[in-house]
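Q: Here is what each chain is made of, one letter per residue.
Protein chains: 2
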Amino acid sequence: MSGDAITQAAGSAPGNAYYFDELKVGQVAQYVREVTDADIKAFAEVSGDHNPVHLDEAFAAEHTPFGGCIAHGLLSASYISTVVGTILPGPGSIYINQSLKFRAPVRVGDVVTTEAEVMELIEKRGFVQFATRCLVNGKVVLEGEATLMPPKR
Amino acid sequence: MSGDAITQAAGSAPGNAYYFDELKVGQVAQYVREVTDADIKAFAEVSGDHNPVHLDEAFAAEHTPFGGCIAHGLLSASYISTVVGTILPGPGSIYINQSLKFRAPVRVGDVVTTEAEVMELIEKRGFVQFATRCLVNGKVVLEGEATLMPPKR
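Protein sequence lines, in the order shown, are assigned to chains R and D. Note that our numbering has the first sequence beginning at 1, numbered continuously upward. Note that our numbering has the second sequence beginning at 1, numbered continuously upward.
In short, the hints are calculated from the structure, not lab data. Predicted, not measured: the structure shown is a model, and the values here were computed from it.
When chains are identical, the list treats them as one kind, so a pair holds in a single copy or across two.
Taking lysine-lysine and the BS3-like style, the derived pairs with C-alpha atoms no more than 30 Å apart in a straight line are:
#1 K41 with K152
#2 K152 with K139
#3 K152 with K24
#4 K139 with K124
#5 K101 with K24
Work out the full structure, taking the sequences as your base and the hints as a guide.
A: Okay, structure coming up:
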């Protein structure tokens, strides 16, 4: 990352979020979370995605190149929502766009570090563009871009 | 949509999924789910995204243009994973890419119809490209594209 990570917001917007004019290119925020078996089961319930690739070790070993279960890609993606929705810009932010490129599997026990870095401030629309990535042991497992509308004054 | 919706898969791959050579441009699958308050709370727990836009009616009414809480955008996105991971191509499928354009808010009580339509079969890589969309009362609330690797024989 290109700047110091923000792990706790210090802005003055509601819930310590950042208003548009408090955002700067290069700001980075991080969320770190270990993926548990319980999280994968909970994600399957809330989404309805019971693809056995995520839930059935024998099936995943036989029918995928991964040798066993992997977490839902959208579970890792949801951590990006956590970074932009709770840290930077933070509470009150609204999602506009997100792109997701799944680069490598995430497994139970993996500690996922999810980062969002401010890349561009789109003055005309009041939007902010982020580079987003999830890493496990320093390896990018998911990357893409996000467009957010920060909270208004 | 351009074809009859598949609501239950009839292919011969594991778990009634579709192999690459069973997929055809124009095939469509659907998943229909009502968003509940419990689902939003569960999604906040599993993701860590406690943005009050999703959880605090008073905050959402004051700080957003929506007049109240909206569901996490990534919750609707997770229904796309459900379509491609459990119906078409179905069990055993692996996510490669997903793009998400959030068009309109989803609220508690909304019935979200999520569709994935086969747009292109990428022979060289064995990937399939889908158009994906979520609708509420016939209005597109989320749209984008997905690339999947169907299960192998």
